Every structure is written in C-alpha cells, then in structure tokens.
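> Chain by chain, the residues:
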Amino acid sequence: MVRTKSDKLQGALDLLILKALEEGPMHGWGITLHIERVSDEVLRVEEGSLYPALHRMEQDRWISAEWGRSENNRRARFYRLTSLGRKQLAAEREQWRKVTGAIALVLEFGKAAV
Amino acid sequence: MAWIRRMRSLFRKEDLESDLEEELRFHLSMRERRNVEQGMSNVEARRSARLRFGNPIVWRERMREIDLMLFPQTIVQDLRFGGRVLLRNAGFTAMAAFALAVGIGLNTAAFTAYEAFFERKLDAHDPRTMVNLALIEHTGATASILSYPDYETYRDHVRSFSGVIAASLPQYLTISVPGGVVQQHNEGGGSLIGKLLLPQIGNSETAMTMVVSDNYFSVLGIAASLGRTFGPGDKAELAASPSVLISENYWQKRFKGDSAILGKVVRLNGAAFTIIGVAPHNFVGTFVAAPDFWLPMSLEPLVHPGNNWIWARENGCCHLFARLAPGAGMREAQAEMSLVADHLRSLHPPGSDLAQPVSAIVWPGSPFPVPIEQMRELRICILFVMAAVGMVLVVACANVASLQLARAASRQNELSMRLSLGASRPRLIRQLLTESALLGLIAGVLAFLCSWVFLQAAVVLIANAFPDQYGTFIFHVTPDLKIFSFVFLISVFAGVLFGLAPALESSRSAVASALKANAATAPLRSRRLRNFLIATQVAVSAVLVIAGSTLIHSAIRALWMETGYDDAHVIDLSLQFPESAEYTPDHKDALIRDLRTRVAALPGVMDVTTARAPDDGEFRSAAVSLNSEAPSSQNMKAYLYYTWIQPNYFQALGIPLLLGHGFTAQGDQAEPSIVVSESTANKLWPGQNPVGRTLRLGTDGLFHSTGEPLPDGPVWRVIGVARDTRGVLLDGSDSAQIYLPLSDRYLQNYPILVRTRSNPAQLISALGEVMASVDPNLAGRFSTLKEMLRGTEPFLASTLAAAIATTTGVLGLLLAAIGIYGTVSYIVVLRTREVGIRVALGAKKRDILTLILSESTRPVLAGLSAGVVLACGVAYSLRHVLYGIHTIDGISFGGVSLLFVAVALLAALIPSQRALRVEPTAALRYE
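Taken in sequence, the protein lines are chains U and Z.
Quick note: the first sequence uses my numbering, first residue 1, plus one each step.
Quick note: the second sequence uses my numbering, first residue 1001, plus one each step.
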C-alpha cells in the first residue's frame, strides 16, 4: 500500500508529541503551541490528527492522562509520558535518525556522481 | 492490555464522549483566543479556529475507530446497516440467497441421501462391530450367497467372529389365518411398480418372510418388544412347537394391533406356526425393509415340503453377517475366514466349480450384499449424480459472485461518499464483509430448509415406488448437520470471498477518486473477472442442461417407441402354485389347461397363449451353428436369444409374419421347425431367403434353470420370418430372436398371455375370479405387457436418470438464466453514459446496439462453446444409458444453445433499448 503524505507525518507526529511531553505534562493545546513555537512556525499540527494520535497513544499506554486546571483556570486534560512512553520515544528517535541518515546518504550519492 | 482498556472504554462510551467534548471545546476556545491576540476580529477568530480545527465529526469517528476495532457494538451496527442494505436491494438479495440456498441445499440433500443409503449400517446393537461376509471367486466375481453347512462351519471355527448369522433372501409364503380371510390391502398399488406386482386376487395372501439362523437376534443384540425372540438353544423346542416372529409394522397393518397376537397360530405355506414375539417397530435387521415374519432356519423345510435343498453344501442359501470378537480386526478376520474357506472347498469334488480357489472378503456391515467397491456401474452412476449436483453448486456460486461484482460497481458512489464523510477504509471493508456474511447466513437458513424439502421429496418418491409387498421400506433421512455445515461453510466462504474482492476493489478506487463519479469505467480487472464468471456459469450450466435434456429425450423415446407387438392389449399372468405335495406335475398340468379354457371363454378375450412375455426380463440365449454340427467355439456363428412359444403366439401378440408361415395349430411339424425374426435372418443369412435354412443351437455354459426345455440336439429348419420386436436391451440386440415350438408338457412352467379386445384392466378382476374358481389356492401376478416394459431395468434406469437430470438441469438453467440476465443487463445499464456520449458524437442507434449486443454476448458465447464441448464428452460417456437416440442429440444441443443465446440477447437488448431512449444530455449528466 502506498503511504500517503499524511501517513508519514503521522509517524513523525507521534515522535513530536512524545518529545514535547518529555518537557513535562501538557494539554493538547499546549502541545500544539509548543511544536509550532519550537519549530519556528514551520510545523503546523493538524488538530484533526492530534487528538486521535493522543487517544491512540493513551490506549497504547505511552502516555497517561488526567484532568487538571489550565493556566486560565479552565478544566483541561493533561497528558504525561509513562516509562513505556519514554522507551518508545528513545526508539522512535533512533528510528528517525536512521531514516534521515539513509535519506541523506542517498541524496549525497546523487551529487557525488555529478 | 491495550484491548482491555479499549473494551472498557467501549462500555464507558458516554463518559468518553462528554470528556472528549470538553477537551475539544477547551482547545477550540484557546485557538480562538490566540487568533484574537494575533489581531483577528472575534467573528473571524472563531471562524478561523473552527476551520483549522477541521471536522470534529471525522476524527471523533477516527477515535472511535481506534477503540472499536474488535467490537460488539459496531458489529451490531454493521449488521443492522447490512440488513438495511440487503433489504433495499431486495431483488439482488433474493436472487443471491435463492441461488446459494438451492446450490447448498441440493448438495447437502444429495450427499446426505448417499450416506444414508450406501453407508447404511445394519439395524443392530453396536452396528460398528458388525461385518458382512462373502467370497471372491477365482473369476473375480463376488459370491455373497453361501450354503448353510458352510455357514455353520464359519460360525463354529472362525475365532475372530463372536457370532455369525445367516439371512435368506426374502421369500413370499402364502399365509392363511384360521378363522377367516382378510383381503390384503395394497397401498403400493398406485405406483408404477406397484401395478406391476399387483397382488393376486383370490383367497391367498402372501407374507414376506426372512428365514434367519437361530442366533440372528442374539448376535444382533435385539430383543422383542413383546413376547420373546427365538435363540440358539431353542432348536428342540422349535421343532416341537414351530414359531415365528412377527414385525410390529405387519402386526399393526395386517392384524390391526390385535392384543392377542402372542400365541396366535398362522399357516405359512400350509404349515402351522405360533407367533411367539413381536420385533421392534421398523426393525429391518440385515435388510432394508421390514419383513412381515422372521422364521428360524431350522424350520425352513416346513414351508418347502419335500425340499431339503437347504442342507446341501452345494446350494446357496443365505447372506452371512458376523460380529467381530472384541479386539479382532477385519483384516485378521478375513485371513482366518479365507483359511476356512480354503478347507471348505476341498470338500467338493475336484474340478467342480465349488472347488475352485476362493478368498474371503470381510467389510463393514451393510444391508448391501456386495461391497460398493465391486459394483462398478453403480459407482459410476453415483459419480455422475454427484458431479451434476456439484455443478449446480458451481453455477450458484458463480451466480452470486457475478451478482456481487455487478452490484459492487454501482456502489462506488456510495462508498466514495462514505469515505468523504469520515469512514476509514478498514471500516468500509468490514462493513461490506458483514453484509456478505449476513447474506450467507440468510442463504444458509434457506438452504437448510431446501435440503430438508429435497430429502423429504426423495423419501416420499422412493417409498411410493417401493411396493408394499416387499415389506415396509425403512429409510430415515434428515439433513446431516456435518455435511450441511461443510457445504454451508464452503459456500459462505465463496460468497464472502466474492464479496471481498469487489469490496477491496471498490473501496480502493473510491479512495482514489473521492468524489468523481467513476461508475462508468470499471477497472479492467473487474471487467475481466465479470466476463469470466459469466462464461463459467454459462459453460457449467450448459453441460448440465444439455446432458439433462439428452437424458430426458432418451427417456421419452423409451416410453413411447413402438414395440413391434401389441403391448397395450396383452396381459401377462404368472402363476404361483402352492408348495404342497398334492401339486404334482400332472395335477398342475390339468389345472393349467382348465384355467386356459375358462379364460378363453371370458368375454373380451381374443387369444390365450403360453409363453414368456417379450419384456419380462428373463432371457435365454444359445450358441448358433450353421453347419449342422453341434455348436462349439470353432463353428459358432453367433449367440442369439431364443424363446419357446405356442402356435398362436404371433397372433396373440400381434406380430406379423413376413415370410413363410408359423407353426401349425396342432403343433406337429414333420421336422423340428423354428421361426426367426428379421434381425436373426439378416445376421445369419444376410441378403438371402432364410426359409428352408437350418441351424443348430447349443446352451452349454449358458444360463438356464433345472427342468427347462433345452433346444440342443435337433437340426432346426426355418419355416418363417417374423417382424422384429423391440426388446429391453438398449442396443436392440435382443431383437434377433429364434422362436421354438413349446411342447405341451411344459405349459405349467410359463406364464399365460391373454390378448384382450379392449382395455385389459377391466379384465383383471374377471381373471382373478376365474383363477379362484379353478383353484382357490392359486396365486398369480397380473400385469399388462406395457407395464412390464416400464418395469424393466433399462427403463427404470433411464427414468430415474431423467428425473435426476430434470432436477439438476432445471435448477442449473434457472440459476444460470438469472445470473446471465442479472449481470449482462447490469453491465449495460452501467454503460448508459457511454451510450449517451456515442449518440452525442453522432453514432447511429443500430451501430450502438450491435456494439453492445456483440460485446455483452461474447462471454456468453465463449462459455457456451466450452460447455458444448464438455457436453459432448459427457454425452459420450452416457451413451449406454441413452435409448434410441444419437449420442450427440441434436435437439438437446441445438435447443439449449439457442436458449442461452436468446437469454443473453434479451438481457442485453432490453436495457440497451432503454439506454438508447434516454436523452444524450441526460445520459451525460447521469452520475
């Protein structure tokens, strides 16, 4: 099955979310802001993908969630990494490094030939 | 575990929903606030936030997806939706369910019937340890009827058997009950065969009796339901007070359940017996029908007085059955029995038939005297029937598959819409599969009903054809669950598979072309698959229908072909003399003459003669030599059939003499004379005048019973040629007959043939009365020659074949017609848009019509040609059953081909016309 663009991003999305949560517990909005800010507005998180991803990761026990109070004293759901999640983060980072490294090699190769 | 949480969250659905709502609302409002901070107006902020947010419905679905992969909840939802879809396309659902139900039901019924009939066990306690015994002779033939002394030897000396029993073939004994005669009711009289064996009218009834060994009931492990059975130790007691066992069925039928049945005395063949017990209801023992009485073998001589044949080692008496000793296997039993058999044959004079090497064969107990493996023709027939039934299933599956495919194309739009509304592909596929499975389930229920109906119909048919005189045929069939589940699973699997392929196909292309209406251009792969399915359906059902109609055609011809004699006006009266000492040959002779005279005096009787009927199935043949020497393997010209007749035979049967003349009325020719039939003359003296020529006959080694007149010896001179009569053999070889003059001495051995002026049925009761007036103890069987003809084996075989052929053929045709029509017309409807385009571009109606018709009939024609070729092969292998028609029956082949082409054309024509009538612009706009 051909992986569409959205599939690739989904794989990266997990990674981004997990990393974001490494800093500490956040709610969904916080995660969105964090990613946008840190990447200098380059990466915009599709809200449509965010919450399903969060839900899935919660089912898989990479993150746990509980209700709390946001900065402006509104009720919001905060997510935090579990130990399983931390392991997953490390694994995904490694995977990402491998993939990007391989892509870089392929790109370099083309240039060398010229 | 992840899935446990999912299940839990499933049940806390409401909580989840509201939680989610709140979370999303929070996020949305934060985004809104941010927008405002960044400078948008309130209204704009909200709108932008909402836009950015996307469609919450979509991903709420997605989230539910994640939770719900295994789910009971969506299964229910899927089922409900599937049910609604099926209901909306009621036509499709009905056709597909019907097709599957018929295919599955028929197959289940056929296999169940086969198992019930051929894998039938003996009616005994713990039937699995019961076995049948027989011998295989050096010629390879199976001898299942062994002698009584041999039986005793096996019983006493084979350790592997814990008990050996013997059962004779059913015998018809005259029964009389002191204290009045009850007219025997004949329920089987309505059937064809029942008429054939209409019981005698007069004061004698017959009872079907099985003569069995003393240990019969104890080895079988069956106890009487009333009174007691006779057992191995009762020999002396039985001799002193002869007893029989009565079957419960006969007790109810004949004695109306008389409570004083035990101890009642009946006379069988004149000898008195006391009824000591009642066998259980429907008990058949080692047979397939419940006899009226069971008689112990030691008392057998009482019913055949003066006849001690049963004790002779050379005389075949009964079938043998045995129960394996605990721990003994069939193979060792067989080996042990072979040893004993070896020893037994040394007791016969060397060089005789019975001293030839034999080996024993032991196989699982069954009412059939010969193991199925030995009955080659039967197995081939069974194979054919199973193949035919299987083909109906193939057509049914192909039918459903093509219907599914056709429908899948039309669901493109629906699927695309649902995808855009947020359904995920796995969800779609699962839902389509559920729908197919639901269809399969409906079909399964219908199929079960179908198979039950088929089986009941078969049982009723068989029971009706089985005349009452043979006892009560016991045959229980209910659809076997094992077989049913097997066939059901296969079909549901096939149905789901065929539902899956289009499901995958359409969901894939639906994803790719989310909102485009691509229905008009189906992917090439599915088009080829569709054509293949149509071709398959046509091919298989063509074979079925062609073979079927060939068989039916042959049966029709068999029924209505000219016989060459007046079969409609001649009655065959076969006599059965009571077995008592007073019936000496002289006495019998006098009775016969008296009877003939009286019958000839009846009004409406034109002729009375004595001879075998042309179609009574009993043949005699002899070797023919033309050189005045006794026939031997060197000088023999042919084997021909012969029959003994009286001088008025030809007149009585309406057979004209073509050359010469018949026997003189006095029957005293100067020299031995014969009449031959046309075919005989052509065979022996082709192109010449046979009158005056001579021949000699020899019956060495050919079948005849003791006491029969034999034509060996004299040099016979031909004095006349008679027209051919059609015999019972399919290839007409028994048309070549030699007619020999019957000496009066043998009148008592042959039936009386009576030629009547008008309808013979009216005469039968008069004949019965005449018989009773001559001797009330005479029993006779009447039938018209026409009925006898219909009762002969080739007839019955071709009729049965035709019945099966009709069923499978009609069903196959129906399914194929539905399938072809449904699919072809569907495809044409799909091309409506294309038609519109072509018309708009200037194509003429006729050209379009030709195009569509030719393209849609192409798979049908391909399938048809394949089917015709296959049908030729099938017809060739059936050639022995075909009666009087060519192997490649023009009517069947031509007719069926035309039929299929017509259906296909019609299926293409009607929707094409409709498509052409649509406005081109409307067609183009059609989505």
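Hint data in this document are derived by calculation from the structure and do not stem from the laboratory.
The model shown is predicted, which means the values in this text are computed figures rather than measured ones.
Glycine is no exception: its CB is placed at the ideal position from the N, C-alpha and C atoms.
Hints are supplied without guarantee of correctness; some may be wrong.
Chain U residues, not near chain Z, derived (Cβ > 10 Å throughout) [to be verified]:
1. E46
2. Y51
3. A76
4. K87
5. A90
6. E94
7. I103
8. A104
Here are the computed distance ranges between Cβ atoms for each label pair [to be verified]:
9. L1497/Z to R93/U: 41 to 47 Å
10. R93/U to A1094/Z: 57 to 63 Å
11. L15/U to T1921/Z: 53 to 59 Å
> The structure should be examined with respect to each hint, and the outcome stated for every one.
The hints, checked one at a time:
1. E46: It is violated; E46/U is separated from chain Z by about 7 Å at its closest Cβ, not greater than 10 Å.
2. Y51: violated (6 Å)
3. A76: It is violated; A76/U is separated from chain Z by about 5 Å at its closest Cβ, not greater than 10 Å.
4. K87: Non-interface label on K87/U holds, nearest chain Z Cβ at 16 Å vs cutoff 10 Å.
5. A90: Consistent with the label, A90/U stays out of reach of chain Z, its closest Cβ about 20 Å off (over 10 Å).
6. E94: Since the minimum Cβ distance to chain Z is about 23 Å, E94/U lies beyond 10 Å and the statement holds.
7. I103: Non-interface label on I103/U holds, nearest chain Z Cβ at 27 Å vs cutoff 10 Å.
8. A104: With a cut-off of 10 Å, A104/U remains clear of chain Z, as the shortest Cβ separation is near 32 Å.
9. L1497/Z to R93/U: 41 to 47 Å: holds (43 Å)
10. R93/U to A1094/Z: 57 to 63 Å: The hint (57 to 63 Å, Cβ to Cβ) holds, given that R93/U and A1094/Z are roughly 59 Å apart.
11. L15/U to T1921/Z: 53 to 59 Å: Distance hint for L15/U, T1921/Z holds at roughly 54 Å.
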